[in-house]
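S.K.: Sequences listed follow chains U and Y, in order.
Going by this note's numbering, the first sequence opens with residue 4, and the numbers climb by one from there.
Going by this note's numbering, the second sequence opens with residue 7, and the numbers climb by one from there.
It is worth saying that the hints were derived from the structure and are not from the lab.
One thing to keep in mind: the hints can contain errors.
To be verified - In silico DSBU-like links for lysine-lysine, alpha-carbon gap of 35 Å or less:
1. Y:Lys55 to Y:Lys74
2. U:Lys82 to Y:Lys107
3. Y:Lys75 to Y:Lys64
4. Y:Lys102 to Y:Lys55
5. Y:Lys107 to Y:Lys55
6. Y:Lys75 to U:Lys83
Unchecked claim - Computed list of chain U residues with no C-beta within reach of chain Y, every gap over 10 Å:
7. Gln5
8. Asn35
9. Ser89
Positions of the beta carbon are idealized from the N, C-alpha and C atoms, including for glycine.
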Amino acid sequence: SQTIHQWPATLVQPVGSPLSLECTVEGTSNPNLYWYRQAAGRGLQLLFYSVGIGQISSEVPQNLSASRPQDRQFILSSKKLLLSDSGFYLCAWSVGSGGRNEQFFGPGTRLTVL
Amino acid sequence: AQSVTQLGSHVSVSEGALVLLRCNYSSSVPPYLFWYVQYPNQGLQLLLKYTTGATLVKGINGFEAEFKKSETSFHLTKPSAHMSDAAEYFCAVSEKTGFQKLVFGTGTRLLVSP
Numbered sequence: 004s005q006t007i008h009q010w011p012a013t014l015v016q017p018v019g020s021p022l023s024l025e026c027t028v029e030g031t032s033n034p035n036l037y038w039y040r041q042a043a044g045r046g047l048q049l050l051f052y053s054v055g056i057g058q059i060s061s062e063v064p065q066n067l068s069a070s071r072p073q074d075r076q077f078i079l080s081s082k083k084l085l086l087s088d089s090g091f092y093l094c095a096w097s098v099g100s101g102g103r104n105e106q107f108f109g110p111g112t113r114l115t116v117l
Numbered sequence: 007a008q009s010v011t012q013l014g015s016h017v018s019v020s021e022g023a024l025v026l027l028r029c030n031y032s033s034s035v036p037p038y039l040f041w042y043v044q045y046p047n048q049g050l051q052l053l054l055k056y057t058t059g060a061t062l063v064k065g066i067n068g069f070e071a072e073f074k075k076s077e078t079s080f081h082l083t084k085p086s087a088h089m090s091d092a093a094e095y096f097c098a099v100s101e102k103t104g105f106q107k108l109v110f111g112t113g114t115r116l117l118v119s120p
């Protein structure tokens, strides 16, 4: 069966510090991978998605970046965190290109920037 | 561009009462439709989805939703609320063409009182 892991589960970082969040998927090959941010009262905002190794699409301009160094690994990074980067970050995966396919979500990382 | 509106950021019901969570979408072409549930500090889990065929869709935990094209709606219902249903519920849409990207509503928090 497929599983998705995210770490760390929680993170408290000072403003201006770097960030690296990791997501890995097991039990499937060539998944589509997604990073979402969830802020209070604003639902889920799609940040990045990837259809393959090294292929990253950005949905919103910001000081975050994403990378996919391996088929089932997706990394969210920042060189300098802002207060507005605080939130709950969710990684998800799906297969195929059709819009009917379900996305499966990881447990999330809660980031607090102070 | 697609958008999703969930009326009511909070809905309160008594245990055993009907649950009705509203979702309306805006799209030039009827999209694929999803309902996800999120328990505190966890990722999202798919409740149900509509892609084609019968417009009344049954999901897990006794929930169901009906796609009404004329009303551009996909409201979520459950005949009898249980305490364990307390969670946040997200409606999402995905276009039928192109790469699958989910657009989420802002969520509705369901509160269930004894």
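S.K.: Now look at each hint and say whether the structure bears it out.
M.R.: Quick rundown of the hints versus the structure:
| no. | hint | verdict |
| --- | --- | --- |
| 1 | Y:Lys55 to Y:Lys74 | 13 Å, holds |
| 2 | U:Lys82 to Y:Lys107 | 27 Å, holds |
| 3 | Y:Lys75 to Y:Lys64 | 18 Å, holds |
| 4 | Y:Lys102 to Y:Lys55 | 13 Å, holds |
| 5 | Y:Lys107 to Y:Lys55 | 15 Å, holds |
| 6 | Y:Lys75 to U:Lys83 | 46 Å, violated |
| 7 | Gln5 | 13 Å, holds |
| 8 | Asn35 | 7 Å, violated |
| 9 | Ser89 | 15 Å, holds |
Checked against the numbered hints given earlier, this structure breaks hints 6 and 8; the rest are met.
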